[in-house]
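Top to bottom, those sequences are chains A and B. Everything in the first sequence is counted per numbering that gives the first Met the number 0, starting at 0 for the first residue and increasing by one. Everything in the second sequence is counted per numbering that gives the first Met the number 0, starting at 0 for the first residue and increasing by one.
FYI, nobody ran anything at the bench for these hints, they're computed from the structure. Treat the hints with care, since some could be wrong.
Simulated crosslink set (SDA-like; lysine to any residue; CA at most 25 Å straight-line) [claimed, not checked]:
#: 1; chain 1: A; residue 1: K246; chain 2: B; residue 2: I234
#: 2; chain 1: A; residue 1: K335; chain 2: B; residue 2: H49
#: 3; chain 1: A; residue 1: K574; chain 2: A; residue 2: D387
#: 4; chain 1: A; residue 1: K9; chain 2: B; residue 2: P84
#: 5; chain 1: A; residue 1: K335; chain 2: B; residue 2: I104
#: 6; chain 1: A; residue 1: K31; chain 2: A; residue 2: E135
#: 7; chain 1: B; residue 1: K132; chain 2: B; residue 2: K166
#: 8; chain 1: A; residue 1: K29; chain 2: A; residue 2: I55
#: 9; chain 1: B; residue 1: K225; chain 2: B; residue 2: A117
#: 10; chain 1: A; residue 1: K335; chain 2: B; residue 2: A63
#: 11; chain 1: A; residue 1: K335; chain 2: B; residue 2: V80
#: 12; chain 1: A; residue 1: K350; chain 2: A; residue 2: T436
#: 13; chain 1: B; residue 1: K225; chain 2: B; residue 2: S209
#: 14; chain 1: A; residue 1: K583; chain 2: A; residue 2: T436
#: 15; chain 1: A; residue 1: K84; chain 2: B; residue 2: V80
#: 16; chain 1: A; residue 1: K29; chain 2: A; residue 2: K9
#: 17; chain 1: A; residue 1: K9; chain 2: B; residue 2: I233
#: 18; chain 1: A; residue 1: K9; chain 2: B; residue 2: E236
#: 19; chain 1: A; residue 1: K84; chain 2: B; residue 2: I234
#: 20; chain 1: B; residue 1: K78; chain 2: A; residue 2: S598
#: 21; chain 1: B; residue 1: K247; chain 2: B; residue 2: G64
#: 22; chain 1: A; residue 1: K231; chain 2: A; residue 2: R511
#: 23; chain 1: A; residue 1: K296; chain 2: B; residue 2: P84
#: 24; chain 1: B; residue 1: K78; chain 2: A; residue 2: L312
#: 25; chain 1: B; residue 1: K172; chain 2: A; residue 2: G6
#: 26; chain 1: A; residue 1: K296; chain 2: B; residue 2: Q76
#: 27; chain 1: A; residue 1: K29; chain 2: B; residue 2: K247
#: 28; chain 1: B; residue 1: K78; chain 2: A; residue 2: D332
#: 29; chain 1: B; residue 1: K102; chain 2: A; residue 2: L312
#: 30; chain 1: A; residue 1: K246; chain 2: B; residue 2: H230
#: 31; chain 1: B; residue 1: K159; chain 2: B; residue 2: G231
#: 32; chain 1: A; residue 1: K86; chain 2: B; residue 2: G88
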Amino acid sequence: MRDNISGILKSVQKPARYTGGEFGQIVKDKAKIKARFAFCFPDTYEIGMSNLGIRILYGVLNQAEDIWCERAYMPWVDMEEQLVKNKIPLFAHESGDSLRDFDFVGFTLQYELCYTNVLKMLELAGIPLFSAERGEDMPIIIGGGPCSYNAEPIADFFDIFSIGEGEEALPELMRLYISMKENGTYSKASFLREASHLEGFYVPSLYDVAYNNDGTIAYYKPKFDDVPAKIKKRIISDMDKAYFPEKLVMPYIETVHDRIMLEVYRGCIRGCRFCQAGMVYRPVREKSPDVLSNQAKVLYENTGYNEISLSSLSISDYSCLTELTDNLLSWTDEAKINLSLPSLRADSFTKELMDKISTVRTTSLTFAPEAGTQRLRDAINKNVTEEDLLNAVRVAFSAGKNQVKLYFMNGLPTETDEDIEGIALTAKHVIDEFYRTPDRNKSKPVSVTVSVACFIPKPFTPFQWEPQCSMEELEVKQKHLNEKITDRKIKHNYHDAKVSRIEAVFARGDRRLSVALAEANRRDMKFDSWDEFFNYDKWLEVFSECGIDPAFYANREIGEDEILPWDIIDCGVTKEFLLRERHKSRESKTTCNCKEGCSACGANNLGGNFTWCPKTKNK
Amino acid sequence: MVSENQKQMINSNTDKKNKRPEPKNMNAVSGAMPVRIKFSKNGDLIYISHLDLNRTMQRIIIRAGIPIWYSEGFNPQPKLVFSSPLSIGCASDCEYMDIKLVKEIDFQEALKRLNECAPEGLVFHEMYAQKSKFTEIAFAEYEIVISDSGDSEKSELAQKINELFSKPVYLMKRSKSGENETDICRFINRISAVSEENLIKISCVLCADSANYLNPEYIVTALKNKFGILHGDIIKEWYTITRKNLLKSDGETSFI
Numbered sequence: 000m001r002d003n004i005s006g007i008l009k010s011v012q013k014p015a016r017y018t019g020g021e022f023g024q025i026v027k028d029k030a031k032i033k034a035r036f037a038f039c040f041p042d043t044y045e046i047g048m049s050n051l052g053i054r055i056l057y058g059v060l061n062q063a064e065d066i067w068c069e070r071a072y073m074p075w076v077d078m079e080e081q082l083v084k085n086k087i088p089l090f091a092h093e094s095g096d097s098l099r100d101f102d103f104v105g106f107t108l109q110y111e112l113c114y115t116n117v118l119k120m121l122e123l124a125g126i127p128l129f130s131a132e133r134g135e136d137m138p139i140i141i142g143g144g145p146c147s148y149n150a151e152p153i154a155d156f157f158d159i160f161s162i163g164e165g166e167e168a169l170p171e172l173m174r175l176y177i178s179m180k181e182n183g184t185y186s187k188a189s190f191l192r193e194a195s196h197l198e199g200f201y202v203p204s205l206y207d208v209a210y211n212n213d214g215t216i217a218y219y220k221p222k223f224d225d226v227p228a229k230i231k232k233r234i235i236s237d238m239d240k241a242y243f244p245e246k247l248v249m250p251y252i253e254t255v256h257d258r259i260m261l262e263v264y265r266g267c268i269r270g271c272r273f274c275q276a277g278m279v280y281r282p283v284r285e286k287s288p289d290v291l292s293n294q295a296k297v298l299y300e301n302t303g304y305n306e307i308s309l310s311s312l313s314i315s316d317y318s319c320l321t322e323l324t325d326n327l328l329s330w331t332d333e334a335k336i337n338l339s340l341p342s343l344r345a346d347s348f349t350k351e352l353m354d355k356i357s358t359v360r361t362t363s364l365t366f367a368p369e370a371g372t373q374r375l376r377d378a379i380n381k382n383v384t385e386e387d388l389l390n391a392v393r394v395a396f397s398a399g400k401n402q403v404k405l406y407f408m409n410g411l412p413t414e415t416d417e418d419i420e421g422i423a424l425t426a427k428h429v430i431d432e433f434y435r436t437p438d439r440n441k442s443k444p445v446s447v448t449v450s451v452a453c454f455i456p457k458p459f460t461p462f463q464w465e466p467q468c469s470m471e472e473l474e475v476k477q478k479h480l481n482e483k484i485t486d487r488k489i490k491h492n493y494h495d496a497k498v499s500r501i502e503a504v505f506a507r508g509d510r511r512l513s514v515a516l517a518e519a520n521r522r523d524m525k526f527d528s529w530d531e532f533f534n535y536d537k538w539l540e541v542f543s544e545c546g547i548d549p550a551f552y553a554n555r556e557i558g559e560d561e562i563l564p565w566d567i568i569d570c571g572v573t574k575e576f577l578l579r580e581r582h583k584s585r586e587s588k589t590t591c592n593c594k595e596g597c598s599a600c601g602a603n604n605l606g607g608n609f610t611w612c613p614k615t616k617n618k
Numbered sequence: 000m001v002s003e004n005q006k007q008m009i010n011s012n013t014d015k016k017n018k019r020p021e022p023k024n025m026n027a028v029s030g031a032m033p034v035r036i037k038f039s040k041n042g043d044l045i046y047i048s049h050l051d052l053n054r055t056m057q058r059i060i061i062r063a064g065i066p067i068w069y070s071e072g073f074n075p076q077p078k079l080v081f082s083s084p085l086s087i088g089c090a091s092d093c094e095y096m097d098i099k100l101v102k103e104i105d106f107q108e109a110l111k112r113l114n115e116c117a118p119e120g121l122v123f124h125e126m127y128a129q130k131s132k133f134t135e136i137a138f139a140e141y142e143i144v145i146s147d148s149g150d151s152e153k154s155e156l157a158q159k160i161n162e163l164f165s166k167p168v169y170l171m172k173r174s175k176s177g178e179n180e181t182d183i184c185r186f187i188n189r190i191s192a193v194s195e196e197n198l199i200k201i202s203c204v205l206c207a208d209s210a211n212y213l214n215p216e217y218i219v220t221a222l223k224n225k226f227g228i229l230h231g232d233i234i235k236e237w238y239t240i241t242r243k244n245l246l247k248s249d250g251e252t253s254f255i
């Protein structure tokens with residue numbers, strides 16, 4: 000089919016988004032395949048190709064001779080128009096076959112605002128949106144990724160969710176499918192029922208949900224006795240032995256992260272109270288530096304990339320960072336490879352680290368104090384002081400850098416005007432520090448960019464019960480900060496409060512939101528994470544048409560004894576821990592990180608090697 | 000098909016090509032050996048831009064372990080110089096890329112490695128010491144194949160196409176000085192069309208030096224405007240353009 004879309008490809012922007020055929024793509028003989036999996040990223044090719052999870056799972060699934068995993072992305076609007084006009088169903092890149100012809104269509108759910116794109120992709124493939132409307136002839140729709148920790152708003156569209164890390168789980172699911180097909184016991188219903196017995200798979204249609212009159216949840220009940228009441232997240236125990244893709248699909252066009260991403264460890268020792276990733280990826284499991292250096296070398300030889308990014312939630316917390324960087328630099332320098340260390344923490348940014356990354360071209364460094372005063376930083380358990388930050392920027396300034404980017408959040412629980420003014424003050428102190436640094440780069444002016452996001456309460460965080468500030472409040476806070484920033488060397492960016500509000504609705508949403516998403520799809524809403532497509536008024540219309548009050552989800556303080564939509568998932572971290580953390584935050588009390596001591600979050604019950612968890616509790 | 004007058008003009012224009020600046024640094028390194036690699040670009044590769052091709056090539060060369068010379072300075076890059084640029088959507092049987100080697104290598108072995116590391120659609124054919132400069136390229140030969148589902152008799156259409164380009168053909172053409180109405184025949188050395196079953200095949204030689212470059216898409220545009228073809232079903236009606244050869248200023252001798 001590819002041959003006759005040449006006319007279409009010539010008429011759209013960036014046709015290489017749609018051609019496939021990249022070096023490293025995996026093409027198999029369909030006749031020998033027992034299960035076909037279309038891995039979909041519900042955003043553009045450039046973003047999807049940058050996703051580390053897809054790189055790993057694409058490789059894992061294709062390891063099996065009888066499974067063929069292909070890729071699909073959300074077409075840009077010009078391509079969508081052509082597909083619709085010429086009646087071409089959305090296709091996977093490797094074979095060019097319609098997504099409808101696959102056994103499985105999998106979506107990685109990286110952010111809530113991609114939900115409309117998921118539905119649009121199903122629509123473009125001619126697949127009915129609601130799982131209840133799909134018969135035996137339709138693929139199994141499966142979701143995974145961070146949003147699957149509360150997938151309730153999209154639960155009615157999916158057949159299965161993969162909860163937690165998928166490297167071992169997904170192949171198990173495929174094997175189940177193949178064996179049931181082979182021994183003649185397969186029907187969609189029987190397969191889904193069997194799948195619910197596998198660890199880490201959530202089949203939403205096997206649960207009854209009831210609501211109280213006040214809109215809160217009355218109960219979640221499995222429809223059958225053999226269906227688990229709670230779904231425990233899967234993790235990879237030994238990261239050194241985990242599957243690692245030695246080859247990558249090499250995009251022709253420039254993608255967002257067009258480089259080697261070396262996953263150094265999973266999880267985070269820190270426990271910032273707003274951060275979902277820091278909770279749901281626990282326990283911390285590190286890779287050893289030798290394994291990492293070898294993997295980096297193999298990837299370099301197989302890809303030709305000239306940049307390696309050390310990927311983790313906070314790279315300076317890696318216990319063997321010096322050993323790893325020394326090991327890497329022993330050959331990357333000669334091969335003219337840039338090392339980049341994103342996610343640097345201000346309290347562990349040292350001169351030594353600076354020297355190691357000084358080869359990186361950028362003149363800018365980024366730190367995330369998140370809040371403007373020590374009181375609020377303690378309340379969110381950020382555990383970074385202003386002194387840490389000033390030390391870090393001094394190192395950067397003496398190394399010739401003159402641009403610093405600072406990430407903050409507005410609308411955090413307990414935030415006051417003083418905290419907001421603290422953001423402006425912190426930025427000012429960074430500027431002052433520049434002029435106090437004797438060996439600063441005097442040839443260029445200093446600039447500090449203050450980038451302020453809006454707080455969004457997320458499931459499985461100590462702040463999951465907190466209300467989001469109303470949009471008007473958020474806008475007042477943004478305006479207040481803007482007035483306090485008077486120095487021209489400080490640039491103030493902030494996130495659109497409207498976007499954050501819709502994100503909050505879906506982050507803590509339940510199954511009743513599926514009608515709103517279906518209505519949004521009917522109104523051709525898509526690309527909500529793109530400024531040029533996001534339309535707040537349209538969302539309000541959708542909610543009002545469906546009788547949904549967005550404030551119920553975004554701006555309500557949830558009772559601590561309420562049943563939460565995501566209570567059905569066991570992500571390792573216990574509710575008791577989250578509650579303890581919530582209460583400590585009210586008193587601005589901090590919690591030590593996993594290196595310093597165990598706070599009994601519960602994630603150690605999942606097991607795992609090379610963790611910081613006390614050995615005695617490891618099973 | 001091209002008048003004496005036009006030929007003269009083309010020749011005088013090709014003289015200007017000498018003004019093209021030499022690629023920076025390429026000859027400045029002592030001991031680095033300049034080599035030329037001939038490759039073809041077909042299939043999905045036709046949709047990638049020149050910048051994308053450059054990046055793709057850099058990575059292929061690193062994967063193949065070719066000891067390529069890197070540019071100097073703060074951000075060293077493997078240095079590649081390409082012959083006449085190819086527009087998006089256009090295939091080519093003969094593209095050239097110059098690199099410098101910091102170590103002597105076996106060309107046959109290197110070609111084998113390059114082909115192993117290349118995506119489908121990109122084939123490396125030859126590797127040899129540079130004998131000429133890219134500034135010697137004056138023309139490019141293309142084959143344009145058109146599938147049109149219209150009613151017109153294809154042999155008749157081929158004849159009409161041949162007649163069309165014997166007279167000036169004015170189109171809005173982009174150049175450095177902006178978009179102007181230009182007689183594109185000034186940039187055509189020769190052109191001829193034949194019909195073959197349901198297809199129209201056009202062979203043409205167009206200016207391809209830096210001062211005078213005619214994108215072969217203009218030929219298709221002229222046909223679209225004049226004969227109303229390729230306006231129907233985007234799936235059934237299609238055309239392909241393939242660059243077949245690069246020629247020196249006499250319009251006959253192949254560039255190597």
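Please list, smallest to largest, the hint numbers that this structure does not respect. 1, 3, 7, 9, 13, 14, 15, 16, 20, 21, 23, 24, 27, 29, 30
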